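Number of protein chains: 2
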Amino acid sequence: MGWGTNEALIIEILAHRNAAQRKLIRETYAATYGEDLLKDLDKELSSDFERAVLLWTLDPSERDSFLANEATKKLTASNWVIMEIACTRSSYDLFKVRQAYHARYKKSLEEDVAYHTKGDFRKLLVPLVSAFRYEGDDLNMTLAKSEAKILHEKISDKAYSDEELIRILTTRSKTQLNATLNHYNNHFGNAVNKDLKTDPEDEYLKLLRATIKCLTCPEKYFEKVLRLAINRLGTDEGALTRVVATRAEVDMHRIKEEYQRRNSVPLDRAVAGDTSGDYEKMLLALIGHGDA
Amino acid sequence: MGWGTNEALIIEILAHRNAAQRKLIRETYAATYGEDLLKDLDKELSSDFERAVLLWTLDPSERDSFLANEATKKLTASNWVIMEIACTRSSYDLFKVRQAYHARYKKSLEEDVAYHTKGDFRKLLVPLVSAFRYEGDDLNMTLAKSEAKILHEKISDKAYSDEELIRILTTRSKTQLNATLNHYNNHFGNAVNKDLKTDPEDEYLKLLRATIKCLTCPEKYFEKVLRLAINRLGTDEGALTRVVATRAEVDMHRIKEEYQRRNSVPLDRAVAGDTSGDYEKMLLALIGHGDA
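Taken in order, these protein sequences are the chains called Z and R.
Per full-length UniProt numbering, the first sequence starts with residue 1, numbered consecutively.
Per full-length UniProt numbering, the second sequence starts with residue 1, numbered consecutively.
Extracted from the complex, chain Z is given alone in its bound form:
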């Protein structure tokens, strides 16, 4: 991309701009270089730094549609990324991702997800990405109790992809679902995610537990993704960049709190210890983005 030696300037400029400002920058970039940033993303990126810069510079709904599309492709397939986008964005933001997906890929998000997944994964992921959940605080306790009972029956029967279980997780509002899972915990003695841990190696069960975590306490989910990305042998830069670029403007503050609590070390210090050069500087700038 020929940015030459201006990395420090790029970090200085981009990392401290909000979404509206970055949109302007992107338009200027297109006018100056005659190329769209999104196009550059499609090319093989030469470095983690460039990927971080490009992801960050995109509009949130374009960024998510790009990540979701990548996650449906064979070589970069990831059920987790699809689930994460479907479950941690607001209902309307998820809809905007679906609109951006139409515009860019001339297809629908759910059509690609349905086409590229199968079995239990498809049964869970297609309704997740198609959902437009109600977001009010309205709560039906009778329903929460009866659906906690359904969840308990299905999980006791190890019917983890039962259509009733999937219906509840994929259509109920987060407020309603939270009440249902609290009742489950109070009434049946275990948190639902504990009862879903019968086989720790089962990939579908892992995704199901992560889904529940994303829907009820996203900052804990993101803390864990970061922890695993940093602590493993050879950093998982894909996950690290994704979480930092997508959460910097949303809930990074709570993720940092959660990270500190769980790891007894601040997130920025953990990231600094695991990355280097411009990539490190960019991530640290984004992690500190919301700070005054």
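Don't take every hint at face value.
The list treats identical chains as one, so a pair stands whether inside a single copy or across any two.
Said to hold, decoys possible - For lysine-lysine, the following DSS-like pairs were computed, each having C-alpha atoms within a straight-line distance of at most 27 Å:
#, residue 1, residue 2
1, 206, 123
2, 145, 23
3, 281, 213
4, 154, 213
In case anyone wonders, no lab produced these hints; they're calculated from the structure.
In this text the structure is predicted, and so the values were computed from the model without any measurement.
Assemble the complex: chain Z is given as a structure, and chain R must be docked to it using the hints.
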């Protein structure tokens, strides 16, 4: 509702107003009578005339969310109405129905549909109402051929609720689906709906055929609904009012053409022969709504 003797005036005023003008009227109604028209709809309506007036006066997305909600309720349940709304509205209009559903019912459309349906009907209807289909003209002929083959295999096996068959019908764009069904017809010798007529009494198969009709030639679907509503012993006013009120501003002209062609009698004459009084006058005004 105490409209007294002003029915002629109501017809005169309302039936000739477009959606924006009716919105104004509705606001005036609320200011004058201190009540929302939608609220009145929830009451037992005393006549077909009143229901026609109220349905027509609503904003299209409110009207559809009202009809869809009614269709998920026990006493007024209708898989057909749900399917019709999901398949004959544009992608964005269907999304607006989902937004209106949140606002009015404090729940999501798909959550009510999923909760109130089961078995094969649920498997088909939930993805239909959750879809945000791509609407461009882009077409993948290789895909059309391979998916026509999948449809043929599943239908030959009588696997009518197979997940692949449902995936294709519920996620592909109407343009893409049309190409797939054309290839099916050319390559396997029958229209898909002919092959789906193995048991003419099967309710799920009827709904499946209607779904395909709605997705590929809605005016033929609506012509048939009108024909059956008018020709049966005792008019089906529910279906008649619904189709007239929801299509008057959309494709009534094509539905009238189709009706004339199929029945050798103009739609307005058929309606006039089957209804009477203010109800008749209101329907005829709406059927002629688009005419100069």
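If any of the earlier hints don't hold here, list their numbers in rising order. 2, 3
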